[in-house]
Amino acid sequence: MPCYTIKEISTNLAASNKELLIKALERANYSIMFQDDETITARNARHTITIEDGMITVSGADANATSIQEIASRIKASYATEVVNYAAKRYGFTRVQEKNNPAKSTLKRKY
1 MPCYTIKEIS TNLAASNKEL LIKALERANY SIMFQDDETI TARNARHTIT
51 IEDGMITVSG ADANATSIQE IASRIKASYA TEVVNYAAKR YGFTRVQEKN
101 NPAKSTLKRK Y
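Sequential numbering from 1 applies to the sequence shown in my numbering.
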């Protein structure tokens, strides 16, 4: 396939809080290129993604079903982390990550 060919593929991304979604994209190493009330466009070194109405569209020369699922999973995990951080802060908890496993954390609260 020629190097100038661009493929697009889409999947569903359920994220209700736009501010947390933007933080999640930045956590997943995407730079926000454009945003308005309905659309967010971001890119990293390999892909450009557009999120509109809960659908994520990935554009890039190597976009395929596997890459879209990997990207969506990474963004969903980052979004979940941002939601937990937001809720913890809102209710007075402190989130402490485990040293050996950064994916695991504990919420603590002083009384």
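Hints in this document: simulated from the structure, not taken from any laboratory. Among the hints, erroneous ones may be present.
[Stated by the list, open to error] Restraint-style ranges between C-beta atoms, simulated for each label pair:
1) N64 / K110: 31 to 41 angstroms
2) N64 / Y111: 47 to 57 angstroms
3) E38 / N100: 17 to 27 angstroms
4) Y111 / G54: 20 to 30 angstroms
5) D62 / D36: 33 to 43 angstroms
6) T66 / A14: 40 to 50 angstroms
[To be verified] Here are the simulated lysine-lysine pairs, DSS-like style, with alpha carbons at most 25 angstroms apart:
7) K110 / K76
8) K76 / K89
9) K89 / K110
10) K76 / K18
11) K104 / K89
12) K23 / K99
13) K89 / K99
14) K104 / K23
15) K110 / K99
16) K108 / K23
17) K18 / K110
18) K76 / K104
19) K99 / K76
20) K108 / K89
21) K76 / K108
For every residue, glycine included, the Cβ atom is placed at its ideal position computed from N, Cα and C.
Taking the hints in turn, this is what the structure says about them:
| no. | hint | verdict |
| --- | --- | --- |
| 1 | N64 / K110: 31 to 41 angstroms | violated (48 angstroms) |
| 2 | N64 / Y111: 47 to 57 angstroms | holds (51 angstroms) |
| 3 | E38 / N100: 17 to 27 angstroms | violated (41 angstroms) |
| 4 | Y111 / G54: 20 to 30 angstroms | violated (39 angstroms) |
| 5 | D62 / D36: 33 to 43 angstroms | violated (28 angstroms) |
| 6 | T66 / A14: 40 to 50 angstroms | violated (20 angstroms) |
| 7 | K110 / K76 | violated (30 angstroms) |
| 8 | K76 / K89 | holds (20 angstroms) |
| 9 | K89 / K110 | holds (13 angstroms) |
| 10 | K76 / K18 | holds (13 angstroms) |
| 11 | K104 / K89 | holds (17 angstroms) |
| 12 | K23 / K99 | holds (23 angstroms) |
| 13 | K89 / K99 | holds (21 angstroms) |
| 14 | K104 / K23 | holds (19 angstroms) |
| 15 | K110 / K99 | holds (21 angstroms) |
| 16 | K108 / K23 | holds (23 angstroms) |
| 17 | K18 / K110 | violated (30 angstroms) |
| 18 | K76 / K104 | holds (16 angstroms) |
| 19 | K99 / K76 | holds (22 angstroms) |
| 20 | K108 / K89 | holds (11 angstroms) |
| 21 | K76 / K108 | holds (24 angstroms) |
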